[in-house]
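Taken in order, these protein sequences are the chains called A and B.
Under my numbering, the very last position in the first sequence is 227; numbers go up by exactly one each time.
Under my numbering, the very last position in the second sequence is 1499; numbers go up by exactly one each time.
Worth double-checking, as some hints may not be accurate.
[Unchecked claim] A short, non-exhaustive set of chain A residues, derived as facing chain B with CB atoms under 8 Å:
| id | residue |
| --- | --- |
| 1 | 40 |
| 2 | 43 |
| 3 | 44 |
| 4 | 45 |
| 5 | 51 |
| 6 | 160 |
| 7 | 161 |
| 8 | 162 |
| 9 | 167 |
| 10 | 169 |
| 11 | 171 |
| 12 | 183 |
| 13 | 187 |
[Stated by the list, open to error] With a straight-line Cα cutoff of 35 Å, these simulated DSBU-like cross-link-like pairs (lysine-lysine) come out:
| id | chain 1 | residue 1 | chain 2 | residue 2 |
| --- | --- | --- | --- | --- |
| 14 | B | 1213 | A | 117 |
| 15 | A | 120 | A | 95 |
| 16 | B | 1221 | B | 1036 |
| 17 | B | 1221 | A | 95 |
| 18 | B | 1387 | B | 1233 |
| 19 | B | 1450 | B | 1387 |
| 20 | A | 95 | A | 117 |
| 21 | B | 1213 | A | 120 |
| 22 | B | 1213 | B | 1387 |
| 23 | B | 1233 | B | 1221 |
| 24 | A | 95 | B | 1450 |
| 25 | B | 1233 | B | 1213 |
The set of hints was computed from the structure by calculation and includes no laboratory data.
Glycine included, C-beta positions come from ideal geometry on N, C-alpha and C.
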Amino acid sequence: MMRAACLLAGVALIAACGEVPLNKAGRDDAAAAVPPTWSALYATHCAGCHGADGTLGPARPMRDAAYLATVPRNRLIEVVAAGQGVLMPALAQSKGGAVPDADLVRLVDGMLAEWGKSGKALAVAWSGPLGDASRGATTYATFCQTCHGAADGRTPGTRGSVSDPNYLRLVSDQALRSAILFGRADLGGTCNGPYPGQATNRALRADEVSDVVAFLAARRPSIGRKP
Amino acid sequence: MMLRWLRSIIGWTEERSGAVAFVAPIMTHRVPRDAKWWYVFGSATLMFFSIQLVSGVLLATLYAPSAADAYQSLIYIDNQVPLGWMLRAIHGWSSNAMVLMVVVHMSQVFLHASFKYPRELTWMVGVLLLFCTLALAFTGQIMRWDQDAYWGLGIGASIVDRVPVIGNTLRGILLGGPYIGGATLSRFFALHVFVLPGITIALVGLHLALILKGGISEMPKPGMVVDPATYRKGYEERVHRTGVPFWPDAAQRDMVFCGLALIVLIGLAAFYGPFGPNGNPDPSNIDANPRPDSAFLWIFAALALLPPQIETFLLLAAPPVIVLFMLAIPLLSNRGERAPTRRPLAVIASLAVAVALVSLTWLGVSSSWSPVMTAWTATPAPVSLVKRLTPLQMQGALVLQYQQCRNCHAIDGAGGERGPDLVDVGSRLSWDQLVRQVQQGGGNMPAYGKTLSSAETVAVVAFLQQCRVDGQPAASIPGALERARTSDLAPVATPSASE
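Just need the whole structure built from these sequences, with the hints factored in.
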C-alpha cells in the first residue's frame, strides 16, 4: 500500500512537472490565444432575440441567406456595433456594449460565411427613400390586408396587425422595409409573394415596397422617440 | 567512519537536549488497535496547516500588503515569479482542504462521541481551532484585495455595524476607520499572518498535548458506555493489553492518507490554478459579481435568504449561540453510550446539519436570488411561444429581452430565478394587472413606468398575456372593463363582462 502510494505520488509529480508552466501568463496563453468563435459570440450576444440557431426568435432571423446576401457587410457591422431602432442594442465596446470591435467583425463574417453563402441578392434595393403613402394604402389593401388585417383595425388578419400604432412606434422604417422584402420564412410567412387570396401572384415591385413603407410610416403616431 | 561520526554528533546533542528521549515515548505511545482509517483526518488537517505555514511564509516574501499594491503584487506573483501561480494555487487549495478536513474530523469525533470523558477539553480546543481555521480562510480571502475581498468586507462591516450601541465603534475597529481602505488591509494582514497563525499553532500544540494525555479514543461499540469513575483505568488496561505503538502501526495509515491528499491537492492546484484575483476592488464597478470562497458560500446563501424581519436578530444572536453550543456539547453529555447506533438523535442532528450545509452551499453556488446577467442576450424566447405571436407581441418579446427582464425572470425554466417564471403569467395576471406590475413594480421588482414608453408597455404586456400554458385562458376579472385579448386597439368589455 505504502509503496503503491509513493509510486503514484512520484508519477503524479513527474507528470505535473512536465506540464506546469513557470508563470500564469504562460498557463493562460493557450486559452487567451484562441478568441471566441463567431458562433460562441452569437450564442452569447444575439441568440436571445434572433433565436438559438438564427431563426425563430422574436427579432429578424439572421439565418436568412437572401437577407445576408442583400444587405452590405459594412451595414451589418454598423448595426451590430451601434444598434438600430428602439430595440437593437449597440454591442460594440466603443458604443457602450460588451463586445470588442474585432469580435463584432468576426461575428458578422461568421454569419455571412455560414448562413449567407447560398444566398442570392434581391433585385429590390435593401434600403431606399419613402414612397407615396396614398399609393401605399392601395398596395397594402391589395397585398397585405389578408394576413395583417385592415389598416383601420376593423378587419383582423391571420398574422396580426402591422398597422397598430404601438407596433409602428417600435419599428423603424428600415425594419418595415426589411420585413416586407425578406419576410419571416422561418415562421412560414413571406412578404415577397405569392400572396394568399390575391390574384396577382408576384412579388412587390421596388416602388410598391417604398409606398407601403410610406403608408405605414404615415400611420405612426408622432409621440415619443422616433424608432 | 562517517556513521560513527554521525552517531557521536547525535549522542552529543541528545545528552544535552534530551530531544530523542522526549519525542520517542510520544511517537511510540500505545494507541487502540482498532484506531484505523477513521482516525486519519486529524493528521491530514495538521498536514494542510503545515503546508499553509510554509506556502504562506513564501507568499509573504512576495506579497505587498498595501492597498495600492496588493492586487498588482498578486498579478506579479502569478505572471512574473517562476511557479508563483502554483504557490498561490497550493495555498488557496490547501486552505479549502484544511477547512474540509477540520469539518470531516469534527464530524467523525462527534458521531463517535469521542468528546466524552476524558476528552472534553480536546473537543473544546478543537472547536476553537475550527473557528481559527475559518478566520484564517476569511482573512486569506481579504489578502486577495479584489472584488470578492472588498464586498466580503463590506458585508462583514455592515453586520458588525448592526450591533446595538457599539456597532459604529466595532466597525471602525474592524476596518481601521469608517470605510474600507489601506488601514483595513494592514490589520487583516496582521491578523492573517501573525495573530491567527500564532493562536492556531498554540491551540494545535494544546490539542496534541491533550490527545496524548487523554489517549486516542477507541472505536465505539454498542454497550461500551463511558463512566468517568471507571473509564480511564479501563482504557489504560485495554490499550496496554491490546494496543499498538503509534509509530509505525498507526502513523503509516496517516502517512498514506496524507500522501494521497497531497497528490489530490497538487493535482487540483495544477489543474485549476490559483483563486482570483477577481477584478480590482473598485466599488464603482457595476459589473462586479463578487462571491465568497467555498467555505463561506453557505453563509452567503443564509444571509441572502434570511427573512428581513428577523435578519438583524439572527445575524447577531446566532453566531454566539452556535459557538457556545458547540463548546458546551461535551458538558451536556460526557458519559454513556458512544456508538452511533445508540445515539440516534446525534446521528439525525449530524445529518440535518450536513444536509443544511450542503444545500445552502449549493444555493450559494447557484445563487438564484442573483440575476443571470447574460440571460437577456443569451437566453432565447421559447420557440413554441414565438410561433404564435403577432408583430406587436414579437416587439413585446424584444422589449422583455432588451430591458433585461430575462435576467431575473425565466420563461419555461430558462433565465434568471430571482422573479417568478413567466411561462404562465398570462393566465395568472389580467391585462390590467400586468400593466400595473410592469409600470409600478412590486415585491423585489423595480418599477418600469419611467423606463418604458407607452408603446413598449403595451407591447410587453401583449406578449406576457400570450405566456400561457397550452389550453389555459388569459386571466381576466369577470365584469371588469378590460382590453380584449385579440384586439390591438382600445379597451373594450371582455365577453365575460356581459355574461
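Structure-based check of all given hints:
{"no.": "1", "hint": "40", "verdict": "violated, 10 Å"}
{"no.": "2", "hint": "43", "verdict": "holds, 6 Å"}
{"no.": "3", "hint": "44", "verdict": "holds, 5 Å"}
{"no.": "4", "hint": "45", "verdict": "holds, 5 Å"}
{"no.": "5", "hint": "51", "verdict": "holds, 6 Å"}
{"no.": "6", "hint": "160", "verdict": "holds, 2 Å"}
{"no.": "7", "hint": "161", "verdict": "holds, 5 Å"}
{"no.": "8", "hint": "162", "verdict": "holds, 5 Å"}
{"no.": "9", "hint": "167", "verdict": "holds, 4 Å"}
{"no.": "10", "hint": "169", "verdict": "holds, 4 Å"}
{"no.": "11", "hint": "171", "verdict": "holds, 7 Å"}
{"no.": "12", "hint": "183", "verdict": "violated, 12 Å"}
{"no.": "13", "hint": "187", "verdict": "holds, 6 Å"}
{"no.": "14", "hint": "B:1213 - A:117", "verdict": "violated, 81 Å"}
{"no.": "15", "hint": "A:120 - A:95", "verdict": "holds, 32 Å"}
{"no.": "16", "hint": "B:1221 - B:1036", "verdict": "holds, 15 Å"}
{"no.": "17", "hint": "B:1221 - A:95", "verdict": "violated, 72 Å"}
{"no.": "18", "hint": "B:1387 - B:1233", "verdict": "violated, 82 Å"}
{"no.": "19", "hint": "B:1450 - B:1387", "verdict": "holds, 31 Å"}
{"no.": "20", "hint": "A:95 - A:117", "verdict": "holds, 29 Å"}
{"no.": "21", "hint": "B:1213 - A:120", "verdict": "violated, 89 Å"}
{"no.": "22", "hint": "B:1213 - B:1387", "verdict": "violated, 76 Å"}
{"no.": "23", "hint": "B:1233 - B:1221", "verdict": "holds, 18 Å"}
{"no.": "24", "hint": "A:95 - B:1450", "verdict": "holds, 23 Å"}
{"no.": "25", "hint": "B:1233 - B:1213", "verdict": "holds, 13 Å"}
Against the hints set out earlier in the document, violations occur for numbers 1, 12, 14, 17, 18, 21 and 22.
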